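One line per chain: the protein sequences are A and B, in this order.
Take 1 as the starting number for the first sequence in this note's numbering and just add one per residue.
Take 507 as the starting number for the second sequence in this note's numbering and just add one per residue.
Hints are computed from structural coordinates only; laboratory data are not their basis.
Remember, predicted model here, so these are calculated numbers, not experimental data.
One or more of the hints may lead you astray.
Said to hold, decoys possible - Here are the computed lysine-lysine pairs in the DSSO-like style, where the Cα-Cα straight-line distance is at most 30 angstroms:
| no. | chain 1 | residue 1 | chain 2 | residue 2 |
| --- | --- | --- | --- | --- |
| 1 | B | Lys645 | A | Lys117 |
| 2 | A | Lys92 | A | Lys79 |
| 3 | B | Lys918 | A | Lys151 |
| 4 | B | Lys976 | A | Lys501 |
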Amino acid sequence: MASLSARIVIRATNRELEIPTGLFIDNQFVPSVDSASEPIQAVNPSTEEPICSVVAGSAKDIDIAVAAARKAFNTTWGKNVTGFERSKLLNKLADLMERDQDILAEVESLNNGKPVKIARDFDIGDSIQCLRYYAGWADKITGQTIEVDNKTKLAFTKHDPIGVCGQIIPWNYPINMWAWKVGPALACGCTVVMKPSELTPLTALMLSKLIAEAGFPPGVVNTIPSLGSVGGAALSAHMDVDKVAFTGSTVTGRKIMEAAAKSNLKKVSLELGGKSPQIVFESADLDQAANWACLGILYNTGQDCTAGSRLYVQDTIYDKFISLLVSKAKELVIGDGFDEKSGGGPVVSKTQFDKVWRYIESGSTQGAKLALGGQKRPGKGFFVDPTIFTDINANMDIVRDEIFGPVLSVGRFKTEEEAISLANDTSYGLGAGLHSNDANQCMRVSSALEAGTVWVNQYNLLNNNVPFGGKKQSGIGRELGSYALEEYTSVKAVHWNFGEKLDWPL
Amino acid sequence: MPSVFTHEFNTPAFKGKVSFSTGLFINGQFVDGSDNTTIDVINPTNGKVVTSVSEATPKDVDIAVEAAQKAFDTVWGLNAPGATRSTLMGKLATLMQENADELAALEALDNGKTFNFARNADIAGSIDCIRYYAGWADKVTGQVLETTEAKLTYTRHEPIGVVGQIIPWNFPLLMMSWKLGPALACGNTIVLKPSEFTPLTAIKMCHLMNEAGFPPGVINVLTGYGGTTGHAISSHMKIEKVAFTGSTLVGRKIMESAAKSNLKNVTLELGGKSPNIIFDDADLEQAVNWAAFGIFYNHGQTCCAGSRIFVQEGIYDEFLKRFTEKTRSIKVGDPFAPETFQGPQVSEIQFNRIMSYIESGKQAGAKVEVGGERQGTEGYFIQPTVFTNVDPSMKIVQEEIFGPVGVVIKFKDEDDVIKQANDTVYGLAAAVFTQNLNRAINTAHRLKAGTAWVNCVNSLNANVPFGGFKQSGIGRELGEYALHNYTSVKAVHVNLGHKM
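Go ahead and model the full structure; you've got the sequences and the hints to work with.
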């Protein structure tokens, strides 16, 4: 039997560590029950070298994990554990994550490519706060008592945990997406079968170890790295999973919803893609707007569902703004995540690298002008430099499709109405940003933009207590804030008769 | 310089040494009172002085309010986001956990309650409360309200500012936590007066708050007398809200001072004479146990004590027999001895008061079923006491005794007992024992009390609101409800296009 841990050496920080590589079920790391299951290889996108391999789960492993989660839900979790207890455990988990912040950051950077300091201070820092935030909700899940007829009936609602939840998370913010899912689910009393991305499974397994250390009963959280088409599909179609939560591409989101419909009508929440617009009006602070525009498309090397990948600039300030934008974008250094100088890392994989370059090529082919970038880097690593296209039109692929890389499409407009129309001309509706010093304009435009999150004079920055999610084809449901609790709660209404006698026949 | 309290505990329940400054806690520092006077802290098991702590005067209240206002304007209020407030409160809870035994020992020494109850009820409950409210700190939300497309209308739930809090001696640390929790969560700064009878755990908490990293001035703790310090707080022109837990008598004074000064918001958690109603079909064994707990827990020094026990005629004799037997079995003695259930009453004043109520009951012709005398010759111990043969006009039936003295009253039927139970100016809590769930719900709904217990008594949770109807109080503590006491709602109307 292959060993269920791997020794990793991180040369840049002189660190050697053992990480678990088995499937995490019932607080134990185990092999797959399917001997034919090929392990998943985790790759360092900065060097293209393999890091280690982890066990890949098959549909049978998913069955076992779901059974473990169901058993825990019926015995040690669900309604068998108080909110206070769930709160304590979530806080403990946050403490442990804080203790291991540095190690987690290094492995996150190694596997995903993002700079270590960003992984540590933002990804993991935010994740710790997210867990603490939901720890605070765990003992505050309330139903209502509702006045019906004081003489005869007591009517009230109970907000029960939904049950066993399948959670499928992406590779762009592995730890952060894990926390966004696990936090509210556990706070509400649900049990979890988590399928981390096959591209970035390592930190999910390290976090699973912390779950056991924090004292969560076995089966409450189970982790099955697996191919989307195997583990993800199995979870979405499983007859004993009560709810599936997915973050990833719109294409996959459709498949998940279809599988849910065809199996047991499990509840579905989806956080999908975007082609989010930013609008710069003439009254905006141009320097600031350019900074936010850069952040919008370059943060996480553009691998962000809310990436501000379309930019519309008012005619009157167009030239001035473009030159500001290009000079600022040039300043970002894309490099190895362990290099102090890197402001952004490589894209996560060869597949993504090839996809982004296909779009860059199509941009030129379809007639857009390159204001920045367009040169492939030689050598190892999936590095893509900041790329800006101008002179776009609404029919171009680079304007319609989500690229998920550091590629910005810039257009221009004359009037506010035109800007709104251009911004909303997409099947997506995840994020949008506007930059203006005209307060009434800010109100009007933020009202008109069809997006789940609208930033005014800002971009990209989220808070754990403010809800996040998509309109239109960017998603179903909301994460973060108190709103996430609704996704993991099942409402039961109780009508308790204490005074009405029924005559029969009526 | 304020004195340092040093004490060596060498008891069966707890061994250890404590040492900390006993000054007023203002702006993060421990200081002498302005008049350089002190208040003696008495051990109620023997009447001896344990230590003395600095006494606050109205001048110190002014200094504390200024520090609190400055903190509110610069480092607290909305200058510290909810997540920051949450983190600090979480740290405080962790420190309380680490110091739990010491806090429990101090509480037992100062108040007279047993170490076991102090540790497992008071201190554990205090930690839970602070953690619970730490969780609320980043979840105080306003609303966006639909009016017209020409207007953006929303509310902000802002912190009030500097709040005054006056707490009693019966559950010193627990009452402090009930007050600090929601106030800090909502972003207020605090001037808190612990009871002059039981300041030790409050002062120890100040040391923990410094250690947790609360900025100076956020919480200020001034031990002082009600008539001076308490009055200075309730009548202060720059304190926007006062929260008080204590007697109804003093509660009236606080509300009056508030009205006469700056119309500050007032919440009051006052006395009670809570009924405990036991129907014929109750689980008798359980009813007896809960009834004893209801009146004798914390030596009867509980605002929601089930001090009037109504027993339906069918089971009256059997109940009384078992209840008096249960009462006789209560171990009264050293708070640090593991088998003790009931320690001394908190002070000589309380002792005298309770003994005089017992005397009045005897004089009025009530029958002492068990107890009725002082226990021992040293300290403020009183025998658990049960009166029967009472009538509604008696002081022991009408007035809050706040001691281990219960009255047992026979009743006929539901309507009769509900009428008797509600026949009081108080309305803090009530309990009903019955196996008939329909009757339980009906009765619970008909009783005029802020807390209605069914088949239990004295059972509280940090997330469930608590407070009084009628003269038992104004406002609610605990749960989400407490947040309302510490926020000030501002409605914002942003005109987007309505031209005048």
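Which hint numbers does the structure go against, in order from smallest to largest?
4
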